[in-house]
Each structure stands twice: as structure tokens, then as C-alpha cells.
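Listed here are the chains, written in short residue letters.
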Amino acid sequence: MALVEVQNLRKSFRTFKRSEGILGSFKDLFSRQYSTLNAVDGISFKVEEGELLGYLGPNGAGKSTSIKMLTGILKPTDGEITVMGYHPFRDRRAYTAHIGVVFGQRTQLWWDIAVLESLKLLAKIYRVSDSEFKSRLELLTETLGLKDLLHTPVRKLSLGQRIRCDLAGSLIYGPKILFLDEPTIGLDAVGKDAVRAFLRKINRDLKATIIMTTHDLKEIEELCQRILIIDKGRIIYDGSLERVRTLPGLKRRIYLDFAGSAPESKLNEIFGTRVAFERESERRLAGSYDPRELSTPELVKEVFANFDVADFTVSEPELEEVIMKIYREGAGAL
Amino acid sequence: MIYNLQIFGAYFAQFLKTRMSYRTDFFVSLVANILVGATGLLFVVFLMDGKNITELNGWSRAEVLFIYGYAMISMAIFSSVAINLYGFGNRYIIQGQFDRVLLRPLNSLAQVLFESFNLDSIGSLLVGLATMLYAARILGISIGMLDVGWLFVSSISGAVILISVFVVLSSVSFHFEDRIGIAPPFYNLISFGRYPITIFNRVIQFILSWVIPFAFVAFYPATHFFNRTGFELLCYLTPLVALVSVVVAWVFWQFGVSKYESTGN
Ligand SMILES: Nc1ncnc2c1ncn2[C@@H]1O[C@H](COP(=O)(O)OP(=O)(O)OP(=O)(O)O)[C@@H](O)[C@H]1O
Ligand SMILES: [Mg+2]
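Chains A and B are the protein sequences, given in the same order.
For the first sequence, the positions run 372 to 705 when our numbering is used.
For the second sequence, the positions run 31 to 295 when our numbering is used.
Source of the hints: derived by calculation from the structure; they are not laboratory data.
Note that the structure is a prediction, hence the values are computed from the model and not measured.
Heads up, the beta-carbon is just placed ideally off N, CA and C, and yes, glycines get one too.
Do not rely on the hints blindly, as some may be mistaken.
Listed below are several chain A residues computed to face chain B (Cβ distance under 8 Å; list not exhaustive) [claimed, not checked]:
id: 1; residue: F384
id: 2; residue: I444
id: 3; residue: Q476
id: 4; residue: R477
id: 5; residue: R507
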């Protein structure tokens, strides 16, 4: 059995339209117009032990809502979740002892308590032995750069500092599976890099399973082998990061370097609308084309047959471009 | 059980530490407490000396005072933890802090109750105890070991009843998004539990006994100390009523948690 199994999971929220003004609020006291919002609308997927899964989707797609159901905070409206044999909501107390959770948006630590005290309290709650605590604390302090933060109350930390402490808090008891909702929000470049390296390390060395949402595609590119894209509560892509780049309709780019001045007009004559050329420099042109319309070998062959080419490179579409297209067009893009 | 005691003991220790770290605040509220306690005592003394009230519907002034003091003890225990239920809807539900509570492998209600404490209630506990002992002397009640045991059991039970009632009221916040919640008006209702129940009309008596059982907070258990008959059964029912209240409160709470929606961000 897979570590995480989700089947037809649904969550709907009842929302009501607020009327405007004081009079409107008064009216709302007596009659409200309710409507149902399906924040998560029948999703199914599996995650195997040791995977590092990127959970993507535009704003409001239902990522956080899914994570909240997976971590036992929200009761699903419908559908089934099993994680390590537990039903997150039903078995909440037993289940939460085995998972680590970070919401970048909101701290899990105690506001007024110094970071170290918070970690000690967590160690008590999760029954971590002293020696385990010591060795983990050492590791976390070093990799997350917590040394100077340990004695500060959480409320006095900056956003990035706080998130690093939150990460430490979610790992101090050695959970087998981590749910991270935008764990690098507000981190600076160095902080992001540290967290990224750290996640890779615990995924590889400790075989921790990680499910994370993020809007940082670089992070996804560096960490995840597999991604899940959710849009309007439905999963529209579940597969490898590589495959998503080969989506139909995505333009590939070819860069051509010529021995002399680039023959832009001649090229346009030959390829017409099949390739859109742009001049990058005197001798260099970039052309974008749809590989379904014109295969790369065909393009290269024709160029070599007609021109004196010094060098060329072909690049796959940027992940950002791919994801943007998917977010913009939804399931239609796939 | 021992594990839970250790954990919530640690919560309490942390709370104390934090309170101490806001040092001025700590001392200011300590002084304020002493003042409030003293005012309470003055009020009691004034009531004892007043020539205008001698009897309340068949209850002597000293008996009324005794019950009043008794109630103060239960209420002090109640308010030492219930401070978190006050504003529960706003802090935990609307601001979504309840997420954090649900992510810990501990009982969610216990976490809410034991996340912070109201040390100020020590003052009213002492005043209540003093009032009770004072009234006991006037009434010529001698208090033995067994009586002390009963006082302990029944005042804890009374506090549990109060907590349960407010847990039920607070769990309404899971269903309706409102900042104040429906609990505050009920805080005033607690005062009904401070008087001999027979001074109220029958409907109110029934409600205070079987719907919102505030009469078990002080009145019924206090009759243990009086030379009266007619309340024996109800008096010793107090711990059972507390137990039932907890079960009811837990059902309401669990149902509320299943409706918890967190926040959009
Ligand atoms: N507690 C709630 N009550 C009502 N509606 C909610 C609630 N939480 C989320 N929603 C709605 O559900 C939808 C999904 O929200 P969710 O927070 O899961 O999105 P998300 O994918 O995490 O977006 P983002 O990238 O902006 O964090 C949104 O339309 C949001 O308004
Ligand atoms: Mg989100």
C-alpha cells in the first residue's frame, strides 16, 4: 500500500454573500444567501514512501485546503484519505504524532516562548528522548542557521527567521512524512537555498516523504521528481516534471549562431509562420517553434542545408512558461 | 494520564515563565488582585454588619454568605482555566489558531483550556474561602476531615460544571462566524449559582438544576454543611452531574471540531 492514498476527496465551504453597509449587515442577520464553494472537488492520488512531491496550482486552487485535510485539521466533506494506515481526521491524535507540518503563513510555535523552550516542549509532547533531541537539535541548528535565534521569543523573529524555526519545530520529533504549505515564503535567497538543501538532505538521507506546495518554480525544479497540479479543486496534472515540459502547444526555442551576419529575412522566407525568429545579436538569432508542427531534426536539417551555421542550441520551454500556460488555460492546456 | 499531566504541567510552567518575563505586568496585576480581593472582603463584612438584611426567603444571612463563599471557590477554579474560552471564537476560530491546536497529538479541548491560565483567580479563591469559614463560625459548623474532602470534591465538580457549560457555549463558535460568541451573556447567569436556589421561581429552579446546572456549583453541595433536610440526594449528586456535564460538553465540542473550517489563508 502506498504511504498516502487519497480517493475522491472533496471539501466544500458554505459561504454567504455579505450585503453592503450597515443596513446590509443588519439584513444579513436575518436572511443570508448561501452558496457552496467546492474548494477541493474530487481529487485522487497516491504518494509512495520517500517521494518528494510538489503540489502546484494557482491562487485559490485548493492546495492549502487539501493539505489541511491531509493533516487532519479539516474533515473532508466526502472521500477517503489514508496516510500510513490512519484516517487523518478520525485518528487525529494518533496520526499527528507521526507527521510534521509547516504552514509558511502561520506559526505552529508558541508566540511568547523562546524558540529553544518551544522545541523542548515539543520534544516532551512527542516523547523524544534526550539524546535524540540533542542530536537533532544540533543538526537543525546547523543546517537552518538557528544558532542566534534559539533564545528569542517567537513573536520577535522576522518572517524568514520564524519559518526556519517552524521547520525545526516540525522536524525535532523525526516525523516520517512532512506536509509543507509554502515553506519558503518570505525567505531570502540564502534562506531559500538552505531550506532547499535541507529538504533534499532529509528526503535522501532520512527517506522522509515530503509533500509541499510552493509558488517558487525553481524550488520545484531543484527538488521534485513528480508534481501534481490542481486547478479549481481538480487535479489537472499528475506526473513527472519532465513530461510536463512536453505538453502540446508549448514552443521550443532554437538559437542559431552564424559565421557572418544572420540571414533573418531569408529564414523567414523559408519557414514562414512555422518559426518566429527574433534577432538576439548581429550573428545570433532565436526562433521559437511548435515541435508538433515542425520537428526539431527537420528544422535543423533545413537550416544546415541552406546556411553556414557556426553553432546552435535547442532549449526546452522554461518551467515557468509551462506552468504559466497551464495556470492560464487550466485543464485545456493538457 | 501521567503523560497528560506532565505535558500540561509543562504548559503551566511555560505560562508562569512568560508571565514573569513581563515583569511589570506581573506585579501590577498581582497588586490589582490583592486590591480586588480586599474589596470583596470589605463587601462581605459590610453585608454581615448590615441591619437591613437578616433573612432571605428562609435562609439566614450566614447561610447565604456561606453559599456565596462556596460559589466563589468553584468560580475561581473555573476562571483560572476558562479565560481561554472567553474570546475563543475570535482567537481560535476566526483567526484560525485552532489549526495549531489540531496539529498536536493532544486533546484539543485540554490544549485550549491549558494554554494560558488566569492567576488572578487565586485572589478570589482566598476571599471565597475566608468568607465561607467566617460564615461557618457564625453558623457553628465544625469542619472535619470528611467535610474538607467533600469541599474539595464538590468545588472541583462545581468548576467542572461551569467549564462544561462554557465549553458547550463556546463550541457554538465553530458553527457561526461571530466575534463575540454567545458566551458573554451567560457569564452573568453564573451569579444565579451564588444564591439559595429556593429564592427563585420554579421554572428558574428547574433550569438551574437540570438545564444549566449552576445550582450544583455551590448551593446543593453547600447544603452538606447545613442542618437542613430535603437536599441530601441532590447534594451528593454533584459529582455525577459534573460527569454528565463533561460528557455533554465533549459531544458538543467534538461536533464543533468536525465543522471547523480554518481560514482561507
Ligand atoms: N475557511 C474557508 N472558508 C471559506 N472558503 C475557503 C476557506 N478556506 C479556503 N476557502 C476557499 O477555497 C478555495 C481554495 O483555497 P486554498 O486556500 O485551498 O487555495 P490555495 O491553493 O492554497 O491558494 P494559494 O496559492 O493562494 O495559497 C479558495 O477559493 C478559498 O477562498
Ligand atoms: Mg494556500
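### Task
Hold the hint about R507/A up to the distance rule: shortest CB distance to chain B must be less than 8 Å.
This hint is violated: R507/A lies away from chain B, its Cβ roughly 18 Å from the closest one there, beyond 8 Å.
Any CB of chain B closer than 8 Å to the CB of R477/A?
With a closest approach of 7 Å, the R477/A hint holds.
Would the stated hint for F384/A survive a check requiring a Cβ distance to chain B of less than 8 Å? 6 Å, holds
### Query
Under the criterion of a CB-CB separation shorter than 8 Å, is Q476/A in contact with chain B as hinted?
Q476/A check passes; min Cβ-Cβ to chain B is 6 Å, inside 8 Å.
Next item on the list: Could you check if I444/A really has its C-beta closer than 8 Å to a C-beta on chain B?
Entry: Holds, because the Cβ-Cβ distance from I444/A to chain B comes to roughly 5 Å (cut-off 8 Å).
Violated hint for the displayed structure: number 5, the only one.
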